[in-house]
Every structure is written in C-alpha cells, then in structure tokens.
Amino acid sequence: MYLTWRQRLEQRPTLWDFGQWPIIELTVVATNKRSTYLRNRDIVIQALNHIPFNEIAESYLLSASFVTQLMNRCLAGEGDEDPPLTQALIPYQRVNRGTRREPIPTFDRPSGSQHVFTKLLREVPNLKEELDKALLAQLRDTNYKQNLTPSTFHSTFKQLLVEAGHPTDQYPYTTRHMAAESVRRYFHQRSKELQSQRQSVVPSATTSPSTIYRALRTTQIDEHSIDLHNGIYLELNDELIPLRLSRVQVIVATNVDTDCILGFHIALSGAPNQQDMLQLLDNCVRPWEPLVLTTPGLSYDAGAYFPSGLPDDFPVTFGTVQLDNALAHLAISVQEAICDQQAATVSMGRGGSPTTRRWIEDVFNLICRKVSHRFSSTTGSHPKDPIRQSKKNSKRLPPISLHTLEEALSIVLTAHNVSPKGHLGGTSPLELYQSHYRHHYIRFVPAALRNRWKPFVGRKTVSLKWLQGENRKPHIVFEGQRYQGEGLIDAVCHNSRIIVEFDRRDIRWLRAWSLNGKDFGVIAAPKSWLRFRHSIATRQRINSLIRGHAYHGNDPLTAHFRYLLDHKGQEKGALEIIRVYDEFTREQDGPLTLSGDPKLSKAINSASEKNDYSWSPLKANRRG
Amino acid sequence: MMSSPLFDPRFEQARFVLQPDSLVPRQRHTPVKLQRAFDFRMFWALKHPAAKSEFHSFAEYLHAGLLEGDPKVTSFVPQPYRLRVHGRYYTPDCYVLTNGHRQVLEIKPKGIFDDSLRVPLEHYFLLHNIEFKVISNESILARQREAENWIEIVHTLFAARDINTHANELGLLRLLQDHREDGLEVREIVDPGDRERTYSDEIALLRLMHRGLVCTDLTTAVFDYDCVIRPCT
Chain A
557 MYLTWRQRLE QRPTLWDFGQ WPIIELTVVA TNKRSTYLRN RDIVIQALNH
607 IPFNEIAESY LLSASFVTQL MNRCLAGEGD EDPPLTQALI PYQRVNRGTR
657 REPIPTFDRP SGSQHVFTKL LREVPNLKEE LDKALLAQLR DTNYKQNLTP
707 STFHSTFKQL LVEAGHPTDQ YPYTTRHMAA ESVRRYFHQR SKELQSQRQS
757 VVPSATTSPS TIYRALRTTQ IDEHSIDLHN GIYLELNDEL IPLRLSRVQV
807 IVATNVDTDC ILGFHIALSG APNQQDMLQL LDNCVRPWEP LVLTTPGLSY
857 DAGAYFPSGL PDDFPVTFGT VQLDNALAHL AISVQEAICD QQAATVSMGR
907 GGSPTTRRWI EDVFNLICRK VSHRFSSTTG SHPKDPIRQS KKNSKRLPPI
957 SLHTLEEALS IVLTAHNVSP KGHLGGTSPL ELYQSHYRHH YIRFVPAALR
1007 NRWKPFVGRK TVSLKWLQGE NRKPHIVFEG QRYQGEGLID AVCHNSRIIV
1057 EFDRRDIRWL RAWSLNGKDF GVIAAPKSWL RFRHSIATRQ RINSLIRGHA
1107 YHGNDPLTAH FRYLLDHKGQ EKGALEIIRV YDEFTREQDG PLTLSGDPKL
1157 SKAINSASEK NDYSWSPLKA NRRG
Chain B
281 MMSSPLFDPR FEQARFVLQP DSLVPRQRHT PVKLQRAFDF RMFWALKHPA
331 AKSEFHSFAE YLHAGLLEGD PKVTSFVPQP YRLRVHGRYY TPDCYVLTNG
381 HRQVLEIKPK GIFDDSLRVP LEHYFLLHNI EFKVISNESI LARQREAENW
431 IEIVHTLFAA RDINTHANEL GLLRLLQDHR EDGLEVREIV DPGDRERTYS
481 DEIALLRLMH RGLVCTDLTT AVFDYDCVIR PCT
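Protein chains in written order, with the working numbering: chain A, 557 to 1180; chain B, 281 to 513.
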C-alpha cells in the first residue's frame, strides 16, 4: 500500500526524531549540491519539529507545497519498502525507481506508457517467471534452449501474453512496436542481473569460528612459490656443472591460536609431492635444532625456536590440520600420517576459499616481505618485452645460494615466533604456546607414543612369487622391481602373501613379515638399483621414463642422472637434478660419482656383502 | 474392503527407492573428486572403528562429536548407504544406533529437505524398521563447543588406543565415589607439571567420560584443568 509522509510517520513514529535517520557525510555530497542539501535538511528538521509548513516556506522563500513535496520525497512510498530518508535530501538524487499507479492504458483510455512494462511484469501471471526461465536457460547453456536475441525474446514475451489471456485492447497492443524497446532493455538488464547472481554464488566456508582457543588446536599448512633465480654448481665426476634454478616451493605449518610457526620445508620442485608434505610434518614434530649458519651476517635471534625445539614438556601434536585441495594433500600417506599417527582431523576446506586459512597466508606475506622479492621475468612474453630481464643480468648468476635461502627462512620464521605481537596481547607466539601448555589442558603425547612417529614408513601386503620353472629364488614385486632375500626362501612354503615395510625415502631394502608377524628379515632390490639411495617418487619417475624408452634400464640410476643432465637447460629440470643429487648423495661423504670408476664396483660389492648375494649381470635373466 | 496384511499404505512411496546391496551400514568412501568439492573432513572416531570417518560439511563433523559424547549412542556410520531414489543416487549423512534403535539422519541447513526424496526415504526405512530423520545444521552449530570438546577428547583417546588403563579406571571410580558430593577437579587427577607421570590416569579419566560413567560440564565450558568431575549416577 502506498503511504504518504504523514502515514509513514504514523506507521513508524521513531522517524519523528531526525537523529534516527541515516547519516550522510557532507564530504560525499557533490560541492555544487551541498548548499541545497543543507537547506533541505534544515527544512525537514523543522517540519519534524512540528513547525507549520507555511512558516518554514516563508523563511526559505519557498512555497508550502514544496515542503510537502520534500517530505513526501523523503518518507512516502510503498508500505513494505524502506523510505529513502536522508538520501532524498540530496538534490536530483534518484531515490526510487518509480511505479505506475495508473491502470494499464487501453485504446479507449490512453494514459501514456510510463512504467507500464514493469506493471505488466508484476501483474500478468507467470510472465516474469517464464521470461526469467528463458534467460536462465540461455545462461546455463541447457539442452534444447532457444537461442535468445532481443527479437526472439520479444516473440516469447508476446506468446506468453497470449497464453496468459491478456486483453488485446491493452498495452502493449496499443503501441506501434508492441513494447519492443522495453523488452530489449529488460532482456539486457535482466541477463546481467541473473549472470551476476550466478557468479556471486561462490562457495562459502561452512566453518564457523571455533569456540575453543588453545595452542595446537588448529594447524594450517600450505605451499608458496619463491622466485629463486640463483645458480648452483654440481660436483660430478670431479667436474663442476653450473645450473640455474627458477623457483622453489616452501611449505610452512603454522598454529592458528598462538600464531606460532611450527616448521617449514623447501621442496625442490614446481609442485610438492606427498614426500615433501611428510617431510614438513616430520620437521614440525621431530626436535628442531638450529642450522649451522654459514652465510656471513646471519644469526638467530635470542631464544628463537620452533616449538619442537622446546624441551619434552611441550611436544607438538596436531588437532585439526587445515589444508587446501592440492593433490599432494589428498595423498593417502599424508592422511595416514595425520589421522592415524597423529590422531588428528584432516580438513580440506572448500575449493576457492583461501581466506579460511588466512594465518598461513599471513606467514607467506612475512616471507615475501623479509626473505624474497620478485625478479624480472627471464623470458617475457616476446623478445622485446620490456619486463624481460636484460642480457647483462641474465649472464650473471645471483649470489644467493639455496643454503642461504634455507638459513634466511629459518631465521625469519623463528624470529617471528619470539617477536611480541599486538594481537596476542604483547606476548610472543612462543611464549603464548608455552603458557597454554602450562595453564590449559592441551593434548600431551608421552615419550613412548612419540617414538612411534614414523611418517615415512609404510606397509603393504604383497604376493610372494616363486618361479620354480626358471630356477629362481622366491621374490616379491615392489614398485616394479623384484626384491629377494634369504628369509623369503623359508617363507615361500607356507605363505602366499607377506607384509613388507618400506621407508619412502630409501626403497633399496625392505623388511618382510608373514601375515602372522613372523620376521623374514631384509629383502633387497636388484643390484642395479642398490647403488644409490632413492625414493619411491624417483623410482616411479625412472620406471615411467624407461617405459617411454627415454633410456635403457641396465643401470637405471646412472642413466636417470645422465638423462637429467642432458635436460639441464630447462630450469625445472635443474631443480629435479638438485633433488635427485641430494637424494643420491645423502648417505655418502663425497660428491656424486657416476659409472666408470671404482666406486661403482665398490657400491655393488658392499651391497652384495650386506645381503650375501651372488649376482652377476649374466644371471639376471630378465629384460632391461 | 479388507486390506491385505501384506499391503500397508505407509510403505507406498518406498517403491521409489532402490537398494542394490544390503542394509548393513558401511561407510561409502568419498572419491577424491568429491573430497576436493566438499568441505571435507576426516578423522578416526571411536564409535566408528571400521574406517576413518569422512564428513562432507562442518555440521556433519560436529554432529559426529556430539554422537561421541552421547553415552546412549552405541555406534554410528557416516555416509552409510548408497541408494537410488527416483533415479538419482543418494547417500544419507549418518546412521546412528542408539540403544538398539536405528536411525538414518540427513543434515540440512534449516532442516529443509526435498519432499520428493524425503517421503520415499521415510517410507522405505520404515519398512526396514529404521527411522529416517532430517536435522538442521543450526541445531548442531548451537552445540559447537560441546562437539569440539568431544572431538578433542576422541583425538586424545585414539592416540592412546593401545594403552591399558583398566586398573587406573577402577582406582579412579573408587576415588570419585569418595568425592561424590564435591567432585574432583581435573588438575587433581592430571598433574599439569608432570603429564608424563599421570598420563595413564588422564586416559582412564577420558575413557570413563566417554563411556558416560563420569561427567563434567562440556556444554558451556572448555575441557580444562578446572573442570569438576563427578560420577554420573
């Protein structure tokens, strides 16, 4: 129902008080309209104070009807809609869309067609719904939809009017073009509205803020790229090989309630894998020790630690671990480490809602501010792109090394833990962490349970095979290779399936058990795979390349490294070289040495002695 | 007209539900694609020991915490069945066994659930002597603190799943019977200064709470050293 200004004030008596009206800052009103706005405001204030309109009009040299008009502009309108109030005091401000209160024009009683189209949409049954349905079908790209244009939309409009039994002597039949222009405008405007409504439906986080505020209750983990652009020299066969690296990923874990960073790990690849995630979890839980700083000028702040570096009274556990939907986070090994070994909850969160994990994003902001900065693009979009790095600079290797980056990250992140924070009431994250542990009930893990933490160790049940016709020893197949051991000879008579336990970081040797728990000892991979320590990820990559005939599988580890060296020109390939080099040389003292030297035979001999095998390439009656 | 004993009009709508396998509840594993699409959570629940419990929303997750804290609930299974209703696949949110009474629950915002699914499902489960119920997210979120308390307790108990605390539980029950009126604060059972020493007692206490033999207020307070523990009966 339409209300005049007086009826509105009767309906809502609180509006008699101008103090209840919304405030408009004078600065947002255009300067040329300010004086009129102030005049209008004074008029309305006086009118609300029951001063007769004639007196008000006289004092401002206006007519009394103007005062009524102004009051109506501010307060009148439909009863179920909010009045424009203060907005209406701004001169020339459009405060309502306008509605038609006159009846729809006919041939007999033509009354103009202002706002009659919207009236039609409101009054003809199902007209608006059916038009919207047609537009939505177009937006959703549904099957068998009509290909809508303003013209076809107008046809639909006319058809709907006929179906609804709209009288043919009324608008739009009274106009020459049957409201074609109104329909065209409605088509474009409504399409935009519906499209924006569809786009605005972004998945919102269903999580409400927790009601419990405790250390280690929630941990957030995520990855972040760091532009590295540095060089590294690999020592191989007594030769130095220069490599240029592009960018690495740093994975960080932070505790939400105390803002305490639990640990970090640098992943030497474009996309971290499950082993990188496990390494981060391990870094967070295992006792942390400061790095031996080799870069001049770098030093740790006093008392700067990650929480795992504190005494045993404050062991790190996980309550809920919030991750995003990266594939590495969905790995079964990661979920097992968090859920099974840490007895925590994995929370993946909805896609496209990174703000639900804002604490970890804050840590990345810290890293960007204090550790890294963006470099010039090495390639640009085209040869003459001005953002491209100049030739002069591209030939110089930046002086920052990978090790320096690790040291800098370690220093900055531990310094964050001991810096007093305003939002923590002036205490540092580490102090708050210890305070929570002392004064509140936080989940505690005794030393006996802490020792069970083995994130890299996995178990698998495999078939035990024995090809008697080929006069072979019994074996199992693990990651595409046959593993043999003395224990399997005893096992083969009574067991068709056994359990093997492996360390993801080094799968040269496995430990075997029967399903009943009888120990069969260590079993070994083929000799050609024993030379260097390698992980499951590397084995899978090598198997894939051998299947693709990238190289031969006689000496797969050496061949793989040579293959990587052949592709060292690619920056991502250089990162893979560093990762594999680090993996191969982690347990040996000197630099990496490939085939053609005594170390190869020494490695094979040592492996043979360890497992008491007699092996030669001629005996290995198998392909590749 | 006499009605046949085999026909009951209440079951009329049940014909729209197809159940390909048995009605033994077993958690339907969430495919990776759906894990990435939902607000997915996963943890080991004590009342669903068959597998890691998987939840597709925060409300479902909290609901599991409330079920863990309810001593009348024997067990529950998230995503228990995969049914076809009117040609669409449908997985209920939870199956709950409470003192022999079986319920299948659907958790929806404001408790609004499409009638074209709800009616056949109600009839179908009634036919199998199971109650089908829709509960609202809001009713669960109103008890968020209680649910989070219980989830934290379940985490602790699962981490200590191999520890034998029979003797500690009996000793603790005797001690609490002696303090039936005033109760005991948690700090009198768990030493905040030496958690390692009193760890078995701590686990025994949480196990008794989980079984509903001893109680404390977890609906408004956060479980802490100053919570007062009393025998429930």
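For the record, the hints were derived by calculation from the structure and aren't laboratory data. From the three backbone atoms N, C-alpha and C, an ideal C-beta is built for every residue, glycine too. Take these hints with a grain of salt, some might be off.
One side of the interface only, derived from the structure: several residues of chain A facing chain B at Cβ under 10 Å [unchecked claim]:
1. 580
2. 911
3. 912
4. 914
Derived DEER-like restraints, expressed as beta-carbon distance ranges [said to hold, decoys possible]:
5. A/637 to B/388: 28 to 36 Å
6. A/754 to B/368: 29 to 37 Å
7. A/1077 to B/497: 36 to 44 Å
8. A/896 to B/497: 41 to 49 Å
Do the hints match the structure? See the list:
{"no.": "1", "hint": "580", "in the structure": "violated, 37 Å"}
{"no.": "2", "hint": "911", "in the structure": "violated, 14 Å"}
{"no.": "3", "hint": "912", "in the structure": "holds, 9 Å"}
{"no.": "4", "hint": "914", "in the structure": "violated, 16 Å"}
{"no.": "5", "hint": "A/637 to B/388: 28 to 36 Å", "in the structure": "holds, 32 Å"}
{"no.": "6", "hint": "A/754 to B/368: 29 to 37 Å", "in the structure": "violated, 23 Å"}
{"no.": "7", "hint": "A/1077 to B/497: 36 to 44 Å", "in the structure": "violated, 55 Å"}
{"no.": "8", "hint": "A/896 to B/497: 41 to 49 Å", "in the structure": "violated, 32 Å"}
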